[in-house]
Amino acid sequence: MNIKKAVLTVILVIFALFSCYLGYFTAKILHRPMFDTGDPGQEVEVVKKEEKKATILLMGIDNTANLTDVIMLFTIDPKNNMVNVLSVPRDTRVKIGKRFCKINEAYSIGKEEQALKTVKEVTGLPINYYVVINTSAFREVVDHLGGVKFNIPQRMYHIDPVQNLRIDLKPGEQILDGNKAEQLVRYRGYAMGDLDRIKMQQQLLFALIDQKLKLSNVTKIPDILDSISDDIKTNMSPLDILNYGNVVLNIPRENIKTHTLPGEPRTIDNISYFIPNPEKTLALIENEYIPKPPEIAEDGEEQTENSNT
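First residue of the sequence shown? That's 21 in the working numbering, and the numbers climb one at a time after it.
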């Protein structure tokens with residue numbers, strides 16, 4: 021497997037299915053040099069134990085207007101062996117330039133640079149990397165994995181000729197192929213709109229992890245890569261991906277936490293928006309994503325809530 025395919029494999033694993041196949045490929049890569057140094061007797065160690073926390077912006081875009089239907093921030097915390105996932109509603113109201121719009125337009129306005137800037141302003145999180153995945157890649161992944169069992173909670177029907185989108189799902193437990201899985205993550209006709217939609221996205225991700233975390237599925241990765249390699253874009257270097265991939269390899273399922281940007285739905289000028297709550301967002305970020313270090317007393321002991329009791 022060449023370096024490009026190795027890189028795309030780890031991206032696919034971390035961001036499409038979290039860590040389903042990461043262990044296998046990271047383990048393989050750890051036991052061989054990745055770059056030719058020009059000296060046959062010299063090997064370059066490229067994979068290390070990563071210690072720095074990193075936040076990656078994952079954006080799932082449609083095939084028509086370059087709108088981001090999925091916006092998630094993954095914060096990988098090597099020190100505490102944790103992954104926190106923050107979902108940002110696509111209807112989040114933001115100001116770009118002189119006008120207000122929905123945050124899912126940021127990518128179509130200014131590509132990765134504008135999307136990174138806008139998401140950072142809304143969440144307050146420093147973002148190190150981005151990954152852009154086309155929705156067609158998501159369909160291919162699910163199809164190659166043989167579908168995913170999922171309980172559809174309600175009747176879902178929606179037609180959008182502009183986006184070439186047809187959603188037609190019936191309630192009940194069933195096997196979703198790639199097309200139906202995409203319909204699920206893009207459906208918005210819930211009682212709570214985008215908030216319920218995000219819950220469905222998170223539930224589907226965990227269903228994929230629980231059902232497809234099997235070494236036997238590793239053999240399917242080459243075919244998956246052939247189908248989606250042109251549908252993934254990232255600023256992560258191969259070394260970055262391998263280092264953080266090695267971290268995610270050792271993070272247990274229960275240490276993956278999901279959150280949604282705090283706020284509430286609201287209609288402004290007959291347009292449905294999600295209005296973020298800055299105070300609650302700050303509290304969430306400080307508690308879960310960038311916790312403050314413990315205070316150190318004069319005697320060198322860490323201060324805790326019970327220190328003076």
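Each hint should be verified, as a subset may be incorrect.
Said to hold, decoys possible - Pair by pair, the computed Cβ-Cβ distance ranges are:
{"no.": "1", "residue 1": "N184", "residue 2": "D163", "range": "16 to 22 Å"}
{"no.": "2", "residue 1": "R208", "residue 2": "K169", "range": "42 to 48 Å"}
{"no.": "3", "residue 1": "R175", "residue 2": "I129", "range": "19 to 25 Å"}
{"no.": "4", "residue 1": "D197", "residue 2": "Q174", "range": "15 to 21 Å"}
{"no.": "5", "residue 1": "N184", "residue 2": "I310", "range": "28 to 34 Å"}
{"no.": "6", "residue 1": "R175", "residue 2": "E141", "range": "36 to 42 Å"}
{"no.": "7", "residue 1": "D289", "residue 2": "D180", "range": "18 to 24 Å"}
{"no.": "8", "residue 1": "I288", "residue 2": "N86", "range": "20 to 26 Å"}
{"no.": "9", "residue 1": "N270", "residue 2": "E141", "range": "28 to 34 Å"}
{"no.": "10", "residue 1": "Y210", "residue 2": "N290", "range": "17 to 23 Å"}
{"no.": "11", "residue 1": "N171", "residue 2": "I129", "range": "34 to 40 Å"}
{"no.": "12", "residue 1": "D250", "residue 2": "N101", "range": "29 to 35 Å"}
{"no.": "13", "residue 1": "Q134", "residue 2": "E306", "range": "32 to 38 Å"}
{"no.": "14", "residue 1": "L259", "residue 2": "F120", "range": "27 to 33 Å"}
Said to hold, decoys possible - EDC-like mimics (lysine to aspartate or glutamate), calculated; alpha carbons at most 16 Å apart, straight line:
{"no.": "15", "residue 1": "K300", "residue 2": "E274"}
{"no.": "16", "residue 1": "K140", "residue 2": "E125"}
{"no.": "17", "residue 1": "K99", "residue 2": "E132"}
{"no.": "18", "residue 1": "K73", "residue 2": "D89"}
{"no.": "19", "residue 1": "K232", "residue 2": "D289"}
{"no.": "20", "residue 1": "K169", "residue 2": "D230"}
{"no.": "21", "residue 1": "K122", "residue 2": "D289"}
{"no.": "22", "residue 1": "K72", "residue 2": "D89"}
{"no.": "23", "residue 1": "K140", "residue 2": "D251"}
{"no.": "24", "residue 1": "K73", "residue 2": "E308"}
{"no.": "25", "residue 1": "K131", "residue 2": "D230"}
{"no.": "26", "residue 1": "K253", "residue 2": "D97"}
If you are wondering where the hints come from, they were derived from the structure by calculation, not from laboratory data.
Treat the numbers as computed from the prediction; the structure is a model and nothing was measured.
For glycine and all other residues, C-beta sits at the position ideal for the given N, C-alpha and C.
- Item | Structure versus earlier hints, numbers of those that do not hold, lowest first | Hint check: 2, 3, 5, 13, 14, 15, 17, 18, 19, 22, 23, 25, 26 fail, others pass.
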